[in-house]
Amino acid sequence: MSPGMELYDVKVVRYFIVAAVAWSIAGMFIGVVLAAQLYWPVLNFDSEYIQFGRLRPLHTSGVIYGFVVNMLMGTSLYIVQRTGQTKLFNQSLSWMVFWGWQLVLFLALVTLPMGYTTSKEYAELEWPIDLLIVLVWVLYAVLFFGTIAKRKVNHIFVANWFFGAFIIVVALIFILNNLAMPVSLMKSYSVFAGAQDAIVQWWWGHNAVGFLLTAGIIGMNYYFIPKLSERPIYSYRLSVIHFWGLVGFYTWAGTHHLVYSSVPVWVQNIGIVMSLILWLPSWAGAFNSAMTLLQNKEKLKTDYIMWFFMSAILYYCLATFEGPLLAIRWFNMVAHNTEWIIGHVHSAALGWVGMSGIATFYYFIPRLWGKTQLWSNRMLKWHFWLAHVGVALYAIALWVAGIGEGYMWLAQQENGSLVYSFVEAMDFKAPWLFVRFFGGACFVTGLLLMAFNLYKTVSLEQEGVADAN
Amino acid sequence: MLTKDFTHSVVILIISTIVVASFSVLVLVVPNLVRTDEIRATSLAKPLTALEVAGRDVYISEGCHVCHTQMVRGIEPEIKRDGRANKEGDDIYEFPNLWGSKRTGPDLTNLGRKYSAQWQRLHLIDPRQVVPTSLMPAYPWLFKQVLSGDDIENKMRVLQGLGVPYTESEIERSRLAVKGVTKGEALIHYLQSLGNDTASDQER
Amino acid sequence: MTVFWNTWVIVFIFIFLAFMALVVIKYWRTEHTADKDKTIESFDGIDENDAPPPRIFYLAYLIAFIISAGFLVLYPGLGNWAGLMGWKQIDDALSSPTTDLDMQIAPLSDLSLGGLAANPQVTKSGELLFQNHCAACHRANAQGQKHFPNLTDNEWLYGGTEKDIIHSIEKGRHGAMPGWKDILSEDQILKMSYYIGSLQRRNLNAPQVKIDLGKEIFVQYCSSCHGDGTVANIEIGAPVLSDDIWLHGGSIEEIKHTIEFGLNNLMPAFAEQLSRNEILAIGAYITEQRLRYDAKLAALDTQSVARGEYLANAGDCVACHSSESGERFAGGLPFKTPFGTIYSTNITPHFSEGIGDNDYAEFKAALFDGKGKHGYLYPAMPYTSYQYLTEQDTQDLWNYLQSITAVPRQNDPNEMMFPSNIRQGLLGWNLVFMDTEPLSYAAPEHVELNEHELKQWQQGKYWVMGLGHCSECHTPRNLAQALIPEKIFQGNIIDGWNAPNISAQELHEDRWDLESLTDFLHTGHSDKGSAFAGMADVVKNSTSLMTRDDIEAISRYLLVGDVYNTIPDGQKQLSPTGFVAESYSAEQFETFAMYADTCGACHGEDGKGRDPIAPTLLNNGIIMHSDPFNTIAVTIRGLAPTYLDEERNFMPMTSFQNVLTDSELAKLISFVRLYLGGREEPVTAAQVKAVRQQLEKAGFAGNLHTTPDMYDHKDTDINID
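Protein chains in written order, with the working numbering: chain G, 1 to 469; chain P, 1 to 204; chain V, 1 to 721.
Please keep in mind that the hints were generated in silico from the structure rather than gathered at the bench. C-beta atoms are modelled at their ideal positions from N, C-alpha and C, and glycine is treated no differently. Some clues are possibly wrong.
[Unchecked claim] To spell it out: a stretch of chain V is covered by chain P in this simulated footprint if at least three of its residues, at any positions, have a beta carbon under 8 Å from a beta carbon of chain P; those stretches are:
hint, region
1, 82-93
2, 215-223
3, 253-267
[To be verified] Straight line, CA to CA, 27 Å or less: simulated DSSO-like cross-link-like pairs of lysine-lysine:
hint, chain 1, residue 1, chain 2, residue 2
4, G, K297, V, K36
5, P, K144, V, K181
6, P, K80, V, K88
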């Protein structure tokens with residue numbers, strides 16, 4: 001990267017990024033184990049600690065809190081310094097945030113397999129850990145906004161708006177959703193019940209996706225895409241519209257998870273309306289990023305990191321199309337509760353978040369350690385294709401499985417009797433679950449190549465590049 | 001005006017984000033949180049017994065909700081498959097809700113009336129013994145681990161504080177009801193209770 | 001929602017949408033100020049340009065807002081506003097059925113289950129309902145599984161009238177039986193289990209005295225519900241215990257478990273979950289399944305089934321395909337091989353647990369080629385022998401297996417070590433070791449036979465080489481567990497016994513003849529001793545159930561021999577002398593005294609046996625046998641009675657391994673073999689020691705006294721090694 005690295009606090013950033021890479025592999029590896037368990041139930045090993053029900057929250061928490069949050073904390077603390085031309089607000093605070101967050105992750109790693117869970121999706125951790133999360137998050141917010149406040153440039157860079165929204169909204173939704181009455185050290189009951197709780201939970205659940213996996217990643221990309229493509233951000237005004245559209249509409253969309261449930265119909269329908277409108281700012285943002293990237297067509301021809309970003313944008317378009325589609329009643333009727341949802345989440349999580357993260361790692365990590373070139377571009381290519389074959393197989397398998405089983409659950413004879421039993425629908429999708437496992441395994445294999453490649457890159461003298469390409 | 005400001009001032013950035021993001025909570029969440037009495041008025045729900053509470057906590061702890069929903073949507077074929085559709089008042093004592101979001105296994109809302117306890121036991125110990133192509137993990141250890149009942153009184157009291165109408169004697173007797181029971185048996189008691197309180201609501 | 005909150009909701013939605021619209025409109029109106037080459041600001045080397053968003057984006061926003069407004073007017077969304085369309089969530093459906101079950105049943109006049117079972121519309125609905133509500137317990141085809149009854153077999157615990165069946169579905173059933181664990185001793189429960197087990201035909205080797213004692217206990221404690229075990233009581237759902245239908249498992253262990261822990265069996269009531277017509281449809285489906293099963297059984301040719309049963313006996317299928325004292329043909333017998341343990345399988349017509357999902361071609365492929373429906377079979381299944389069956393016999397056997405009771409016993413998972421657990425590997429085994437040449441019935445070259453003898457010989461060859469699969473035990477195996485054809489019938493160690501050499505040469509030398517060998521195979525007893533251990537089971541389950549003519553044919557074939565199995569010219573025959581003066585001479589007297597104290601006590605001082613205590617040792621085929629293994633082994637292991645028939649139940653034989661030293665045993669056995677068996681070469685102490693250690697290692701070394709109790713603890717594994 002440009003000279004003057006010593007002007008900024010980068011050590012903590014390196015720590016965050018290494019943690020992010022480690023958790024991306026660990027979290028997604030657990031995902032592959034889960035996928036295998038769904039095809040070969042014997043892989044639950046009759047063990048209470050690694051059976052599917054307990055392992056699954058460890059996968060989601062590992063990926064969301066381990067991989068994504070570490071990556072966002074690391075990149076946001078880097079970007080906010082560079083774009084504000086200032087050091088961090090407080091260096092010791094940054095280490096408290098880092099180690100505090102790693103403690104959270106360690107506690108998750110221990111408590112979830114032991115069966116300590118609140119059952120709330122993506123908010124499974126029990127109340128003492130929740131308190132720790134809130135504490136670390138507040139420190140992070142102080143650190144981030146404090147650094148913005150002492151910036152030496154006039155404007156706040158667009159990436160920082162998105163990071164800011166990510167920090168603020170996640171704090172709001174996390175606290176409200178996790179309000180609980182403790183029973184003992186590792187057991188509590190949510191203060192909300194039934195239908196009311198469901199509204200709170202999905203207000204959280206969907207916004208966790210919206211602000212962790214979307215706003216945060218968008219912020220990261222608003223910095224790295226123009227950096228990598230060496231071109232200006234295409235449209236400033238589009239980013240403003242994108243920002244407010246996202247912050248505004250996204251927060252409403254959660255109730256589309258409750259379509260046809262027992263929450264009031266008007267609550268569901270408002271969620272549906274907002275979800276559909278949300279399509280527009282989402283694609284507007286994607287357009288902005290794509291135009292930024294496409295301005296450097298020359299580099300796009302040869303640089304696989306550019307391709308990773310391009311794929312991320314395309315998967316973002318796909319996922320933000322699938323989302324509104326799923327909110328529509330007739331589609332929701334078939335797809336709700338099926339494998340399709342898992343496919344949708346993963347085309348976003350692997351395609352959008354994963355590819356963005358991978359591109360960022362490939363671009364950022366060498367520069368963070370003062371290198372300019374990857375150890376092996378051939379390995380990068382391999383990773384690119386492994387990742388794409390992986391996601392494509394994953395998504396296609398679960399589209400088929402999901403639509404298939406959703407249809408089979410609802411199909412009726414002429415006289416209204418059900419055509420298929422639940423077991424028949426389950427048997428139908430079994431081979432597709434194998435394809436999904438295979439796709440996931442491809443993706444993780446790619447990650448291992450990346451980790452090896454990056455390890456070689458930062459540990460070798462720059463002369464030791466494996467191929468000349 | 002606004003655009004100029006939030007890009008220049010961190011305070012305005014924070015406040016404006018909070019304001020814009022809060023509309024949804026003001027419209028979707030707050031008006032529903034204040035409707036507790038209205039929802040309870042229509043409810044048929046009966047509080048779980050102490051043993052069922054202990055079983056429900058096993059259900060949560062093992063992550064059953066990860067693969068099983070407890071939400072029959074109001075769609076005819078779904079009602080045909082899984083029984084009476086949920087109504088808003090059904091889950092007033094569900095702290096938190098266990099509706100789930102994924103049906104890897106079937107919906108369990110009305111499970112309590114469908115199987116014998118023996119089937120549940122066989123199925124939990126080895127699902128593939130009774131359903132040959134089942135994907136479910138086996139849970140043999142549930143029938144080896146015995147509950148002490150030490151924390152059940154606290155749980156009942158917390159639930160009472162949240163609005164479940166437990167009597168003092170129910171709370172006091174709860175430890176005796178749970179002590180010595182295996183996790184598996186408690187879980188089966190919970191599973192067998194599912195949907196029983198609404199069974200009288202014949203509008204399926 | 002109250003008016004206040006309703007207003008609150010609507011107001012905030014409008015404020016929000018207005019604000020969102022404002023942002024869009026503001027930029028739409030200032031679109032002309034945008035310029036894609038204008039740089040607004042630069043951050044860390046990143047320029048922010050100000051390109052105009054595409055026009056279609058604003059248009060799309062406009063359309064979205066208009067549609068949303070229209071939607072919120074037409075449909076619920078704005079708080080309590082119900083919308084102009086009068087739409088209700090419950091109206092949504094994926095498909096629109098044109099009729100329903102009630103409408104289909106309403107015009108029908110015959111509402112009996114039998115009548116409805118003939119109506120495909122009703123049975124189809126019933127089937128679909130059954131799959132959703134019943135199949136998790138009763139299996140998809142209503143054939144049931146362990147603990148959950150078969151609904152297609154005309155056996156009903158609570159009565160099989162239509163009224164009873166409907167009652168069972170609507171109101172449920174609750175079958176309870178107390179557990180006796182705390183009331184009766186384990187021994188009492190075990191005896192009772194033997195008694196109950198003795199009520200059906202099964203391979204139960206329990207001593208009669210235990211069965212009789214068990215009956216007394218049963219009558220005392222169980223008769224108020226079960227009578228003598230042969231009657232059902234549909235008031236309380238008590239089953240007949242003397243048939244071969246076992247809801248909770250019919251092996252002795254399972255019966256014992258049921259008695260110990262009792263039952264608390266519940267069929268849930270479905271009246272609250274299903275409508276009357278839905279229940280009728282389910283009843284119709286069950287009835288249809290039952291009638292279909294009845295028709296399938298009725299269609300079987302009775303003669304063919306009878307012949308098939310004879311063939312199944314001849315093939316001794318039940319010996320391997322039943323666990324020790326377990327349900328017939330339900331599998332579960334472990335076979336220990338050097339590569340791990342495999343378990344015989346359920347070959348009853350149960351669809352999911354047995355071979356009910358096989359068709360004839362699949363059955364034949366398994367029987368002839370070792371190709372099971374779910375992978376290659378291990379060659380513990382003697383398909384290498386069964387391949388010689390005629391087509392007609394194969395069909396008869398298949399028909400018989402169709403006719404037996406479907407037992408829902410689940411197969412045990414095999415415990416084979418890698419890589420032998422990969423069944424594809426067995427294809428290679430088959431290619432290398434399986435001789436697929438058809439069996440030759442050409443007359444043997446080494447002997448002249450008259451026409452009758454030849455016919456007998458050919459018939460015998462069919463039995464011995466095919467269903468009889470004698471060589472599976474009596475022929476040595478190579479490292480890959482394949483039989484060695486050149487060493488046919490030369491004996492092999494199985495289960496800690498020597499399945500003896502039965503080559504024509506050995507039989508000739510040991511003076512077996514057509515009559516003694518036929519007696520032995522047909523009754524288990526002969527002038528040359530009695531069958532014991534594995535061979536006793538073979539006689540009991542198989543050869544004793546064949547005609548004497550067929551057995552004589554088998555004897556003829558074995559005595560005459562065949563390729564690789566000829567009698568060398570000038571082969572001498574043994575002529576045991578019995579004890580002669582020399583035996584009592586001073587130098588032999590010590591040994592004779594030892595004989596008189598041990599063997600002689602039961603087998604008689606003359607060694608000619610004493611009915612009904614012990615068989616003859618003089619001329620005994622085992623004593624005369626060239627390999628002294630079994631003679632040594634029997635003194636070390638002792639011997640349990642075989643219960644071959646009521647009249648000739650020899651006493652159990654005690655083990656001498658803790659009474660006599662290896663050299664004493666060697667001396668004793670040499671003495672016995674010399675005078676009673678005509679074998680001159682002595683047995684050494686080293687030989688005795690080797691056999692003893694081998695048996696001890698395999699866990700077969702016997703107790704000091706082998707009593708009837710030994711049966712309760714006997715080793716049920718078959719160790720091929």
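- Message: Can you confirm whether the C-alpha distance between K80 (chain P) and K88 (chain V) stays at or below 27 Å?
- Response: holds (19 Å)
- Could you grab the alpha-carbon distance between K297 (chain G) and K36 (chain V) and see if it respects the 27 Å cut-off? holds (17 Å)
- Item | Claimed coverage, the region 215-223 of chain V by chain P - three or more beta carbons nearer than 8 Å | The restraint on the region 215-223 of chain V is violated, since only 0 of its residues have a Cβ under 8 Å from chain P and three are required.
- Measure nothing beyond the straight line between the CA atoms of K144 (chain P) and K181 (chain V); if it is 27 Å or shorter, mark the hint as holding. holds (20 Å)
- Query: Do three or more residues of the region 82-93 of chain V come closer than 8 Å to chain P, measuring C-beta to C-beta?
  - Reply: holds (count 4)
- Check whether three or more residues of the region 253-267 of chain V sit with their beta carbon closer than 8 Å to a beta carbon of chain P. Satisfied; 4 residues make the cut.
Hint 2 alone, counting from the list given before, is not met by this structure.
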